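Using the sequences and the hints given, assemble the complete structure.
So the protein sequences, as listed, match chains A and B. Heads up, the first sequence is in full-length UniProt numbering, so the first residue is 1 and it goes up one at a time. Heads up, the second sequence is in full-length UniProt numbering, so the first residue is 1 and it goes up one at a time.
Misleading hints may appear alongside valid ones.
Covered, in the sense of this in silico footprint (three residues per stretch, anywhere, with C-beta under 8 angstroms from a C-beta of chain A), are these stretches of chain B [stated by the list, open to error]:
#1 85-97
#2 129-141
#3 146-152
#4 160-174
#5 191-200
Worth flagging that the hints you see were computed from the coordinates, not collected in a lab. Every value quoted in this text rests on a predicted model; they were computed, and no experiment measured them. C-beta: ideal position from N, C-alpha, C; glycine also.
Number of protein chains: 2
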Amino acid sequence: MEKSEATTIEVAETSRERKGKAPLLAAVVAAEHHAKAAAHKRGVAIFDLILRISAAAAALGATVAMGTAEQTLPFFTQFFQFQASYDDLPTFSFFVIAMAIVTAYLVLSVPFSIVCIVRPVAAAPRLLLILLDTLAVTLATSAGGASAAIVYLAHNGNSDANWLAICQQFTDFCQRVSGAVVGSFIAVALLIFLVVLSAIALKKH
Amino acid sequence: MEKSEATTIEVAETSRERKGKAPLLAAVVAAEHHAKAAAHKRGVAIFDLILRISAAAAALGATVAMGTAEQTLPFFTQFFQFQASYDDLPTFSFFVIAMAIVTAYLVLSVPFSIVCIVRPVAAAPRLLLILLDTLAVTLATSAGGASAAIVYLAHNGNSDANWLAICQQFTDFCQRVSGAVVGSFIAVALLIFLVVLSAIALKKH
Numbered sequence: 001m002e003k004s005e006a007t008t009i010e011v012a013e014t015s016r017e018r019k020g021k022a023p024l025l026a027a028v029v030a031a032e033h034h035a036k037a038a039a040h041k042r043g044v045a046i047f048d049l050i051l052r053i054s055a056a057a058a059a060l061g062a063t064v065a066m067g068t069a070e071q072t073l074p075f076f077t078q079f080f081q082f083q084a085s086y087d088d089l090p091t092f093s094f095f096v097i098a099m100a101i102v103t104a105y106l107v108l109s110v111p112f113s114i115v116c117i118v119r120p121v122a123a124a125p126r127l128l129l130i131l132l133d134t135l136a137v138t139l140a141t142s143a144g145g146a147s148a149a150i151v152y153l154a155h156n157g158n159s160d161a162n163w164l165a166i167c168q169q170f171t172d173f174c175q176r177v178s179g180a181v182v183g184s185f186i187a188v189a190l191l192i193f194l195v196v197l198s199a200i201a202l203k204k205h
Numbered sequence: 001m002e003k004s005e006a007t008t009i010e011v012a013e014t015s016r017e018r019k020g021k022a023p024l025l026a027a028v029v030a031a032e033h034h035a036k037a038a039a040h041k042r043g044v045a046i047f048d049l050i051l052r053i054s055a056a057a058a059a060l061g062a063t064v065a066m067g068t069a070e071q072t073l074p075f076f077t078q079f080f081q082f083q084a085s086y087d088d089l090p091t092f093s094f095f096v097i098a099m100a101i102v103t104a105y106l107v108l109s110v111p112f113s114i115v116c117i118v119r120p121v122a123a124a125p126r127l128l129l130i131l132l133d134t135l136a137v138t139l140a141t142s143a144g145g146a147s148a149a150i151v152y153l154a155h156n157g158n159s160d161a162n163w164l165a166i167c168q169q170f171t172d173f174c175q176r177v178s179g180a181v182v183g184s185f186i187a188v189a190l191l192i193f194l195v196v197l198s199a200i201a202l203k204k205h
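Okay, structure coming up:
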C-alpha cells in the first residue's frame, strides 16, 4: 500500500513524460475516492440504524399508550356507567392500527439498514428505504394529525357545532391520548430525518 | 465524433498492445456515460416539473374550496341564524393555512425544478427539493388527516362522546369541505411521487 502511494505521487509529478503509467494512477485515485465515499456512506448508514431504532421505539410507545387508554369514572347511575376507551372514537382506532403498521415496518426495515452498513455503496436498498420511509411518514402523520384534531376537540369542545369538551370528566384518558399523539409526532420527526439522511447517502460523491 | 468512436473500438480491440491510448479511451467512455446519465436525469427533471405544477394546482384547489366553504340555512329564529363557516372549526382554519403554505412552496419551487432540467447532474438543488418536499408532504398530510377526522365526525357524529352529526343540516358545507380534503390527499400523493422521483434522480449511474 505504502509503495503504491509513492508510485502515485511520482507518476503525478512526471505524468506528461510517463503516460503509460496513467491508467494505474487513475485506478489508484478512483479506488481511494471510492473507499472515502464508502466510509462516509457507512457512517451515514450507522446513524440511519440508530435513528430507525429510536423511531420504532417512539412509534411503539405511541401505539401502546393509545391502545391501553381507557378510564372508568368512579360514579355511575342506575343504568349507566361512564367510561371512555380508545375504540369509542374511530380516529383513535385508526391511530392504533396505523402506528402499529409503522412500528412493524420500522422493525422489519432494520435488516435493510444493516445491509446498507455492510454494503455502503449499494443504491438499491437505499432507494427502497426512501420509498417506504416516505410512505411511513405519511401514515404516521395522518394518524397523528387526525388524533390531534380529535384530542383538541376533546379538550376544548366546539360551541358552533355544539360539541362539548369531554376532558373535564375523563382527565386520565385525555392525558394518555395526548401523550400518544406526542409520541407519534416524535416518530414523524425521526422519519423525516431518515428520509433526508438516505437522500444524502444516495448523493453522488 | 465519428472518428473518435472508431478509435475507441480499435483501442478496445488492441488495448493490451497500445496502453498509451487508454486514457483517451477512458475519457471518451466516461463522457458518453455522463451524457447518457444526464439525458436520463433531464427526463426525470421534466417529469418532476409537470408533477410539481399538478400538485400546486391540487393544493390551490383544496385551499380555495376550504376557504370559501360556508353555508347559511334558509330558516332562522328571532335571535339566531344558523350558519356554518370554515373558521368555526380551528382544524379547518389550520387546513387553510397549511395548504396555503404548501401551495406557495410548490409555486416557489418551480424555479429549482427548472434548474434541475438545465443542469441535470447537479445534486445540490435536488437534495434541497427532497428536504423541502418531505416537509411539504408532512404539512399537507397533517392538514388533510386532521380535517378528515373532523369531517368524519361531522358526517357521523359520535354517540359515546355525545357529539351530534351536523351534516344533516349543513349539506353543502360538508360537501365542500369533503372535496377540499380529497384535494389535499391528491396533493399528498403527488408530493410522495415527487420525493421518490428526486431520490431516483440522485442515484449514482
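These are the hints, each one checked on the structure:
1. Three residues within the 8 angstroms Cβ limit are the bar, and the stretch 85-97 of chain B against chain A gives 4, so the coverage statement holds.
2. Coverage of the stretch 129-141 of chain B by chain A holds [criterion: at least 3 residues with CB-CB distance below 8 angstroms; count 7].
3. Here's how the stretch 146-152 of chain B fares: 6 of its residues keep a CB closer than 8 angstroms to some CB of chain A, so the rule of at least three is met and the hint holds.
4. Requiring three or more residues with a Cβ within less than 8 angstroms of a Cβ of chain A, the coverage given for the stretch 160-174 of chain B holds, as 6 such residues are present.
5. Under the rule that three or more residues need a Cβ within less than 8 angstroms of chain A, the assignment of the stretch 191-200 of chain B holds, with 6 such residues.
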